[in-house]
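Trainee: So the chains spell out like this:
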Amino acid sequence: MKLTDISSDINEWFDGSGPLADIVISSRIRLARNLAGHKFLSRCSTAEKSDILKKLRDVLMSLDLGDKIFYISVDKAPVLSKHFLVERHLISRHHAFGKGPRGVVIAQREFFTAMINEEDHLRIQVLKGGLQLSQCARQINHIDDMIEQKVDYAFSPRYGYLTACPTNLGTAIRVSVMLHLPALKMTGQIEKFLNATRDMGLAVRGLFGEGSEAAGDFYQISNQVTLGISESDIISQFENVIIPEIVEYENAARNQLLSKEGDVLDDKISRAMALLRNAHLISSQEALFLLSHLRLGLNMHEHMGASTPAIDTLCRLIQQGGDADKSQGLSIATINRLFMLTLPAHLQLNYGKPLDPTHRDALRAKIIRSALNQEK
Amino acid sequence: MQCQICNNNDATIHLTEITDGVRSEMHICEHCATEQGITVKSQIPINELLSSLLAVQPTDDELFGPSEKEVSCPHCGFTLEQFRKEAVLGCPYDYEVFEKSLPLLIEKAHNGKTVHCGKVPSKTPKDTKKQIELLDLRQQLEAAVQSEDYELAAKLRDKIKKCET
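One line per chain: the protein sequences are A and B, in this order.
Sequential numbering from 0 applies to the first sequence in numbering that gives the first Met the number 0.
Sequential numbering from 0 applies to the second sequence in numbering that gives the first Met the number 0.
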C-alpha cells in the first residue's frame, strides 16, 4: 500500500454523506492509552520507545478491523508524506514532526488510525462522515477492547486511564466534530459562537487541529474535560445538545442570508465562482476560502431548496462540470474533492514530486479551473 | 461589528441582559468593557491554562505543596521542576508520587472533578507490584546500557521478559 493509492481521491468520511453532512463534516473519537510497566515517552530512551512501538505495532496489525490495514514508520517517512498524513487527518502535526521511533497504523478506508508514540504510547481514533458520534464510540470501544486483551494499560481506579499529560486523564477521550459554518461567519456571528463554545469549556480549533486557523470556515469543536464524566455522557452531550444547537444556529444564519441578505450571499458565491474559474495562481488559503462559499451555495440549494441567481448559476455549472457523474449527491463531493486534493501535500504527491509555492499555486488553479470549466 | 461605546474598536464582548423579561444586547470592545468595570471570563484553553499555571512562580508553593518540590520519582527520576518545563509526566506512578501536588492541577483542568467515571478495562491490569518492578528493571537496564555493562543488561532483559509473561 502506497500513499499515492489514496492521495488521488478524498477519504470516505469527506464524501459529503452522513447525517447533517451539509454542516457537520466529520465526527471523530480519539482515545489515549499507555502501557503499564513502561515510563511515559518523555522519559523513555530510544530503545524503550522502539520496544513499545514494536509491541503495539504487532498487536494493532493483528487486529481484525474488517479492512486492510497498513503501517507507516513516521520517523522514517519523507517530509512530504508527513505533511500528507496531516492534511488527511491521519496523524497530528505533533506526531508528524515529533522525535524518536514512532509510527501509525491506518485502515485503508481511513476510518481508523492508531498513532504509536505520539504524546502517549497509543492514540487510536475513529472517524466518520457527518454526525455519527455514537457509531464512532461503538467502533472505537470495540477496537480498544480487542487491544486491551493483548496488552496491559496503565490504569488507576481513582484517575482512570493514566496519560502523560494530566489534562487527558480519566476517560482519555477526545470527541471532535468538524463543522462548516460559513453563514455564521458571513452574518458576523462567528465570534459570538466561538466565545459561547469556549465558555462551555470546549476547545475550538481550525481545520488541522491545534494551532491551525479556521481556514475555509471549518471549525473543530472538542471536549477538554476528560475526568469525572463518562464517555457516554460526553458523547451524548455533543450528539444531542451541543452539535444540534450549533447546526440550528448555522441554519438560522443561512435562512437569514436568504431572506434578508440575498445580495451579500450572491456576491460571495459569484465572486468565488469568478475567481475560481479564472484564476491562474491561487494559494491554498484562498482556495479554501472561496470553495467554502461554493459549498455553502450548493448545500443551501440541496438542503433548503434555495434558489437565487448565483445559486442557480452555480448549480448549472457544477452539473455541467468536469465530473463524469452528474447526480446531485456528487456535486458536494466535487467541491469536497477540490478542497482536499488542492492542499499542498496532496498536490505534490499526486504530481509526483515537490513543487515550489508558485508552481503549486499554478497547478492548484489549473485543477480548479478544469473542474469548474469543463476545460481539459 | 464595532464597539457600541467607542465606535472605534471591534466589538469582541457580547453581553445579553434580561431584565424583567426584556432582553437587551450590548456589543463592546475589551477596552470599554474594562472601563465599564465589566469583568470578562477568561477563555484560556486548558493546555495554556496548564502551562500558565505552571509558569507562575509565586503560586508554586500553593500549587505544589513544598514538601514535594524536592522529591524525584523513584521509578523514573521525574521531578515537579521537569513537569513545569515539559507539562507531561514521566511515568504512571508520578500520579502517586506527587499525590499532594497534582490534584489541584487536575481539579483545575477538569472542572473541579478529581475521580474517574467511565470505562474500566475489562481485564484487570497485572498487580501494581509487578508493574513497578518492570519500571525499575527497565530503569536499571537503561543505566546498564549507558555504562556499557552488557552482561548485566542481558540479565536484566531476561528478567524483564520473565516478569512480562
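Calculated from the structure, these hints are not laboratory results.
Check each hint, because a few of them may be wrong.
As the list claims (entries may be wrong) - Once the Cα atoms are required to be at most 25 Å apart in a straight line, the calculated BS3-like pairs of lysine-lysine come out as: (1) B:K158 <-> A:K53; (2) B:K122 <-> A:K53; (3) A:K149 <-> B:K129; (4) A:K53 <-> A:K67; (5) A:K54 <-> B:K158; (6) B:K68 <-> A:K53; (7) A:K53 <-> B:K160; (8) B:K107 <-> A:K53; (9) B:K128 <-> B:K107; (10) A:K54 <-> B:K160; (11) B:K99 <-> A:K54; (12) A:K75 <-> A:K352.
Trainee: Please work out if K158 (chain B) and K53 (chain A) have their alpha carbons no farther apart than 25 Å.
Mentor: holds (19 Å)
Trainee: Given the hint that K149 (chain A) pairs with K129 (chain B), does the C-alpha gap stay at or below 25 Å?
Mentor: Measuring from Cα to Cα gives roughly 17 Å; hence the hint holds.
Trainee: Is K99 (chain B) within 25 Å of K54 (chain A), Cα to Cα?
Mentor: violated (34 Å)
Trainee: Just to be careful, I want the Cα atoms of K107 (chain B) and K53 (chain A) compared with a cutoff of 25 Å; is the pair within it?
Mentor: Distance of about 36 Å is beyond 25 Å: violated.
Trainee: Measure nothing beyond the straight line between the CA atoms of K122 (chain B) and K53 (chain A); if it is 25 Å or shorter, mark the hint as holding.
Mentor: holds (22 Å)
Trainee: Run the distance test for K75 (chain A) versus K352 (chain A): straight-line Cα separation, threshold 25 Å.
Mentor: Since the Cα atoms of K75 (chain A) and K352 (chain A) sit roughly 18 Å apart, the hinted pair holds (cutoff 25 Å).
Trainee: Below or equal to 25 Å on CA atoms is what counts here, so check K53 (chain A) against K160 (chain B).
Mentor: Within the cut-off at roughly 15 Å; holds.
Trainee: With the threshold set at 25 Å, check whether the alpha-carbon distance from K54 (chain A) to K158 (chain B) stays at or below it.
Mentor: Distance of about 17 Å is within 25 Å: holds.
Trainee: So if I understand the rule, the pair passes when the alpha-carbon distance is 25 Å or less; does K53 (chain A) with K67 (chain A) pass?
Mentor: Distance ~19 Å between K53 (chain A) and K67 (chain A) Cα, so the pair holds.
Trainee: What's the verdict on K128 (chain B) and K107 (chain B), does the C-alpha distance respect the 25 Å limit or exceed it?
Mentor: violated (30 Å)
Trainee: Does the alpha-carbon distance linking K54 (chain A) and K160 (chain B) stay inside the 25 Å limit?
Mentor: holds (13 Å)
Trainee: Between the alpha carbons of K68 (chain B) and K53 (chain A), is the straight-line distance 25 Å or under?
Mentor: violated (36 Å)
Hint check: violations occur at hints 6, 8, 9, 11; the rest are consistent with the structure.
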